[in-house]
Amino acid sequence: MNDQAPMRDDTLPVQDDRPIKLLCKDVWKVFGDGAKQFMAKHNGTPTAEEMSNAKMVGAVRHASLEVRRGENFIVMGLSGSGKSTLVRCLSRLIEPTWGTIEFDGIDLLKASPEALIEIRRHRMGMVFQHFALLPHLTVLENIAFPLSVQGVERKAREARARKVIELVGLGGREQFYPRELSGGQQQRVGIARSLAVEPEIWFLDEPFSALDPLIRREMQSELLRLQSVLKKTIVFITHDFDEAIRLADRVAIMKDGQIIQIGTPEELVLHPATDYVAEFTRDVQRAKVMSAARLMRPQLSSAEYGGTVKATDKISSFAAHIVGVRKNFLVTTAEGKPVGEVAPDDVIDLLADRDQLREARA
Amino acid sequence: MSVADTAMPSRAPSISAPTMIWAAAIAIVAILYLVPSVAPWAVKYPMSAVIPVADWISVLMAWLKTNFTWLTRGITDIFNVPLQWAINILAKGWKFGYGPDAVVFPRLSWIGVCAAFAIAGYAFGGWRLASVAAACMIYIALFGQWESAMLTLALIAISVPLCIVIGAALGVLAFRKPWIDRVIIEPMLDLMQTMPTFAYLIPMLLLFGNSPVSGMLATAVFAMPPMVRATILALKRVPHEIDDFGEMVGCTPRQKLLRVLLPSGRATMMIGVNQVIMLALNMVIISSMIGAGGLGYDVLLALRALKIGQGMEAGLAIVALAIVLDRLSQAAVRPRPALHTLDLNFVQRNPMLTLAVGLLIVTTALSLFVPAFAAVPAAIKVSTAPWWKAAVDWINIHFFDAIEAFRTFLLLYILNPIRDFLVAFPWLGMVLLVGLAAYRLSGVRLAILVVLMTSFCAVTGLWEKSMATLYLCGVSAIIAAFFGIALGIAASRNDRFAAFLTPVLDTLQTLPSFCFIIPVVMLFRVGDVTAMIATILFAIVPAIRYTNHGIRQIPENLIEAATVSGCTPRQMFWRVQLPLALPEIMLGINQTVLLALSMIIICAMIGTRDLGQEVFIALAKADAGRGLTAGFAIAFIGIVSDRLLRASTDRLQSRLGLV
Ligand SMILES: Nc1ncnc2c1ncn2[C@@H]1O[C@H](COP(=O)(O)OP(=O)(O)O)[C@@H](O)[C@H]1O
Ligand SMILES: [Mg+2]
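Note that the protein sequences, when read in sequence, are chains A and B. The numbering of the first sequence is this note's numbering, which starts it at 1 and goes up by one. The numbering of the second sequence is this note's numbering, which starts it at 1 and goes up by one.
I should point out that these hints are in silico values taken from the structure, not numbers from a laboratory. A couple of the hints might just be wrong.
[Claimed, not checked] When the alpha-carbon atoms are kept at most 30 Å apart in a straight line, the in silico DSSO-like pairs for lysine-lysine are as follows: (1) B:Lys256 - A:Lys163; (2) B:Lys621 - A:Lys110; (3) A:Lys310 - A:Lys337; (4) A:Lys25 - A:Lys163; (5) A:Lys36 - B:Lys256; (6) A:Lys327 - A:Lys337; (7) A:Lys231 - A:Lys327; (8) B:Lys256 - B:Lys92; (9) A:Lys155 - A:Lys41; (10) B:Lys92 - A:Lys110; (11) B:Lys621 - B:Lys307; (12) A:Lys55 - B:Lys307; (13) A:Lys36 - B:Lys92; (14) B:Lys621 - B:Lys44; (15) A:Lys155 - A:Lys55; (16) A:Lys25 - A:Lys41; (17) A:Lys25 - A:Lys155; (18) A:Lys327 - A:Lys310; (19) A:Lys231 - A:Lys255; (20) A:Lys55 - B:Lys177; (21) B:Lys307 - B:Lys381; (22) B:Lys177 - B:Lys92; (23) B:Lys177 - A:Lys36; (24) A:Lys163 - A:Lys110; (25) B:Lys44 - A:Lys155; (26) B:Lys381 - B:Lys92.
Source: prediction; values computed, not measured.
Based on the provided sequences and hints, a complete structural model is requested.
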């Protein structure tokens, strides 16, 4: 066996130089009488004890994050952890008690009502857990509704609506009413409706949580497919860790109103910040979150490779292949420049979850 | 703490403080009652101290009348236009020009109207509803009530939209500004819903004269509260995600209200519309007394002349109209299968509407040439009046003695003693007891409210009449509650009985209060017994409904738990089902009491001697002060009983841990 251990440190190409789309700095949402004064009195840093003494409920506490253009940003937490409150702050559906939110460099909390209406009309879209379709409108009218609110004339908005209906695969249902559709179809309408205005940022608050598991998987694939075409900036809320790692570029994990860790699924799995995060990641199959780069040895030793993979490819995507061929695979950058190789034994160890064993041996 | 400590007998008095207070209060009242000479002013309110509220109101009304004639005239003229249109289209026909050159354009043909109702029934609810609608309308036509019924319909057609628009606007206002709701709208609705129907008529009569417009306005005001309430409820019930959605697509506040919130609450609002229609029908009938005309007027004339047959016939026409309007407006809300096709023109999208309009036009045009289309031909008209009369005569001949004995027995041994007891009851004692009950049930605020309202009845000099109202209303409500609960329990235990009862209750509930009087008058003639029986029939429905529902809604797992722990059916009923259903049953009783109160007042027409009579006399004399004062007294009795019953329901619920 090759005695050079696979690379396990964090010299991964995580450097992200895409511009920041949404910036959220030290945001608090506190419920209670005189919450604003309370926060001001404590300079925006009350302790948990001070809050409970003043009978304040901190639904979101000290939340900071940034979402980059085109990123799939997932907020994950159990129910009641403050995810919805956070996303409602980010879209300013409710006023944060403290902190700043910048959207494309604009201070969202200072935007006038008119400016806010403009931003929402043209640049934001939202999908809701229980679909929030208007019961008195047909699928077509529901999807064209955001445009009609803007005053787009009928022909143009219906043409646009038909386009997104095709995009989400609902062709032929234009004249149905929401009550005549299944849950999955209703959420497709919700998604189509939020895409009708071509938003720059797309908020999805547990969009698939009300659906059956099978439909949920199908909708997740659908979302990935749409995103590969549309490349929106996504803020996606879920309480399902599997869903999070399936869809995420990065995940923020929330507990009791606080963000306890932000990172790629790989980082969360390999370096959980707290026991709480570790608890979530314990049962995750490593091969699904780890990329070839993680297992790569930075050398080009053999003359003949069984195959070629990209450094960013998930190991699960080629595991069966490499184990079958039993030869090293060449690892390249996205542009095709060779950077190293992956050995089948390392993949087998990973699949068998034997890395702790090996570390102990080493 | 040691066991010995807790085991020590407590030294608290064996009689608790509340019991002492109650005992003291009852003792005081008993002394006042038995020995009035101790404090005569506390027993019978002194005439010299009567506050002339009635005079003040009269002065205010006179001032309004002299200073705002321009306004009231203007309003009358404005509303008269659509009203006359509706009346002409439906009932009277149009006449242009004068004398021999006059061009007459006929009213809608009765055949066309019957067909249109049937088509509406078909469109909303299939063949069944179509045949119900057609049968009811044809009944009205064949039994010679067409013109009056169309007049009634015209009044409804104009006042209902007015009600809906204003009611929805008030509902939106209340939703947007909770303090306005709390301070103005909620108390106003309470008062409007407990004010007797007659009391609305008097100020309208004074301000707008003896015309259909004042009847229409009284109807609009009377029928509005459910629309306001339904709108508030509909807006509150819109899921918050829909609200958020409205924000997120960048709706302006107006867009959000009109295009997102109100349409989403459509189903709830339509329940309000149905209630508005039914209340409007009820009120249109009653407002015929101030010159609105229509079916109510026919009943009134017949009742006055004791023409039982005619009264019954017109009454049944009201029933037919009520059933049609209720069923159609309920069915109109139910979602219908959608047409999943695109690019249809108007006719293709609305085939039924087109057909109905087409038929109306064709038949109306035909009525210019064929008289049978214009008016129901005498040859096919039927009158059941003689038949009804014969039936009543037959009953009276064969059962007069039995009925009379029953009536006398009730009067002599039950009704009159209760009446005498209550009328002689010391007013201050009553105020004290009611106030104490309110204090114990809820607190100081409710106590102050009920003390003020009860005192109002005394200080305006209406004490005896208030007590007479209380007596008749109380007796009727208690009997209605008793039978209602019994029937409700029976319905809750037997599905077939419940299935039989449901349509009967539905129908009873849609009938205008007027209709209950007619058959009872036939058998028991006028007087307290008739009033009582009519009131019981009118007020029994909620008691049955809520009892049935209350028992049926008890969670299955509780029943199973009780069964597993070995309850006998009797124990199950008395110790599990009844206590758990009690809060619902109390709600039903509350409604029964309010309905009984409203009915008792209407019974003034058949000669009861209470506050209703006071309003009725005031109406005849167009004395606004007297009528409104009595109206307030009635409303206050209703509000006091409502608040006390609600407070006891709340207490019961919190004791059962249901809230
Ligand atoms: N309007 C409110 N008033 C008081 N507390 C609230 C309010 N809205 C949310 N909360 C509290 O904030 C916490 C987070 O709620 P939410 O953001 O809906 O959680 P999640 O979406 O993660 O399930 C909950 O504990 C909830 O009780
Ligand atoms: Mg949530």
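Item to check | Agreement of lysine 310 of chain A and lysine 337 of chain A with the hint, judged by alpha carbon distance not exceeding 30 Å | outcome: Holds - the C-alpha atoms of lysine 337 of chain A and lysine 310 of chain A are around 9 Å apart, at most 30 Å.
Checklist entry - Quick one, are lysine 256 of chain B and lysine 163 of chain A close enough, alpha carbons at most 30 Å? => result Measuring from Cα to Cα gives roughly 25 Å; hence the hint holds.
Next on the checklist: Holds or violated: lysine 55 of chain A and lysine 177 of chain B, Cα atoms, limit 30 Å.
Outcome noted: Holds, at roughly 27 Å.
Checklist entry - Within a Cα-Cα threshold of 30 Å, do lysine 231 of chain A and lysine 327 of chain A meet the stated pairing? => result Distance ~36 Å between lysine 231 of chain A and lysine 327 of chain A Cα, so the pair is violated.
Next on the checklist: For a C-alpha distance cap of 30 Å, please report whether lysine 621 of chain B and lysine 44 of chain B respect it.
Outcome noted: holds (28 Å)
Checklist entry - If you draw a straight line from the CA of lysine 177 of chain B to the CA of lysine 92 of chain B, is it 30 Å or shorter? => result violated (45 Å)
Next on the checklist: Given the hinted pair lysine 327 of chain A and lysine 310 of chain A, is their Cα-Cα distance within 30 Å?
Outcome noted: The hint holds at about 16 Å.
Next on the checklist: Given the hinted pair lysine 44 of chain B and lysine 155 of chain A, is their Cα-Cα distance within 30 Å?
Outcome noted: Not OK: lysine 44 of chain B and lysine 155 of chain A at ~78 Å, beyond 30 Å, violated.
Checklist entry - Within a Cα-Cα threshold of 30 Å, do lysine 92 of chain B and lysine 110 of chain A meet the stated pairing? => result Distance ~64 Å between lysine 92 of chain B and lysine 110 of chain A Cα, so the pair is violated.
Checklist entry - Between lysine 25 of chain A and lysine 155 of chain A, is the straight-line Cα distance small enough, at 30 Å or below? => result Distance of about 42 Å is beyond 30 Å: violated.
Next on the checklist: Please verify whether lysine 155 of chain A and lysine 55 of chain A have alpha carbons no more than 30 Å apart.
Outcome noted: violated (54 Å)
Next on the checklist: Given the hinted pair lysine 36 of chain A and lysine 92 of chain B, is their Cα-Cα distance within 30 Å?
Outcome noted: With Cα atoms ~67 Å apart, lysine 36 of chain A and lysine 92 of chain B exceed 30 Å; violated.
Against the hints set out earlier in the document, violations occur for numbers 2, 4, 7, 8, 9, 10, 12, 13, 15, 17, 22, 24 and 25.
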